[in-house]
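With the hints in hand, could you dock these two chains into one complex?
These are the residues of each chain, in order.
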Amino acid sequence: DQQVKQNSPSLSVQEGRISILNCDYTNSMFDYFLWYKKYPAEGPTFLISISSIKDKNEDGRFTVFLNKSAKHLSLHIVPSQPGDSAVYFCAASYTGANSKLTFGKGITLSVRP
Amino acid sequence: ETGVTQSPTHLIKTRGQQVTLRCSSQSGHNTVSWYQQALGQGPQFIFQYYREEENGRGNFPPRFSGLQFPNYSSELNVNALELDDSALYLCASSLGWVSVYNEQFFGPGTRLTVL
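As they're listed, the protein sequences go chains A and B.
Throughout the first sequence, residue numbering follows the working numbering, covering 332 to 444 in sequence.
Throughout the second sequence, residue numbering follows the working numbering, covering 335 to 449 in sequence.
Here are the computed distance ranges between Cβ atoms for each label pair:
{"hint": "1", "chain 1": "A", "residue 1": "Pro444", "chain 2": "B", "residue 2": "His344", "range": "29 to 37 angstroms"}
{"hint": "2", "chain 1": "A", "residue 1": "Met360", "chain 2": "B", "residue 2": "Ser407", "range": "30 to 38 angstroms"}
{"hint": "3", "chain 1": "A", "residue 1": "Leu342", "chain 2": "B", "residue 2": "His344", "range": "27 to 35 angstroms"}
By construction, these hints were calculated from the structure, which means they are not laboratory data.
Please read these numbers as outputs of a predicted model, since none were measured by experiment.
Yeah, the Cβ is synthetic: ideal placement off N, Cα and C, and Gly gets one too.
Next comes chain B alone, as it looks inside the complex (with noise of 0.2 angstroms):
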């Protein structure tokens, strides 16, 4: 059984550009979410898909958008990155809705640096 896999490991942008990452769940979970977690922060909720539809969303503005895919796989797209944007970017994944039955099991992220 494979854990949860993020690509690529780092990531350099500017201002302006477009942005994705990738998230492979763990085998047979159907949930995805994804997090943002800034230099001395906790990771903040930015959107959970279920079944390939989104399923609750964090307060982030629209440029940030995802998809899920029939495999379970995931994407996380950013458009127009600004500064603020740098952060770690944690994908979980989760068999059902995130509850106290269901554990979330998390990939080792992507570190994405916006100039």
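Pulled out of the complex, with its shape left as it was, chain A reads as follows (with noise of 0.2 angstroms):
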């Protein structure tokens, strides 16, 4: 029972153009999201996060969106940048005591020079 999914395992796109990963989730108790990038041979990089009580969250060239109802969040990357790419996870949790991180399975992005 996969909670957080991705369900595009790639996305390619040219530099400077806009990158959006999308991430759908099921379960409702989840009240904030985050995403991480993982370049090979290191852990996963905190990139940005949302609380649910937020619909968007800029950072820089990365802003998430949350869509509550459709239990939807996206990611926009503007402009792509080569470096940019890497492995992307969603991931989503609750606040309190015992909560975790629940990832969903991550997205190649791969940004043409």
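Have a look at this one:
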């Protein structure tokens, strides 16, 4: 039972264009969501997060949108750069003791020069 | 300030053996979580330790066990290894429970291969 789903395994975009990475979740208890980026031979690195009380959070080139009614979030990267090529994981959790991160399978983003 | 480190980097074991993986948390962090990342999958939560006590466990059998030490370093022990235990094992530390206010910092992982 996958509670966080990233249905597209890969995405390829041209440098300078927008990258849109999608994520769906099923657990209504989740109240915050995170995106992690992972390069080969490195651990995941936190990118951006959003609390369920918001519908948008922006940090430089990265923006995360949350649609609670659809249980859907997306990460927008504008403009995309070749250094953004990596695996991106969507993760979700709920606030409180014993909380844990539940990850999606990840999506491999390739930004073509 | 040093980041999260893990040892060893790679490990090869045979079925039935036991393995211990180690993690050194980021300075000042009192919470450590362990994740298993199988090939083509996202990290799966194994368990979390907060101030030396287990504080949450995922859907893993008891042969997966852990320890957190007073200096907040941690071990993951796996007994009776099975072929499906082959994966990247990630350790993550944070200051307090995972929340929107407490970022988890991941180590580079230990690649375990079970033959």
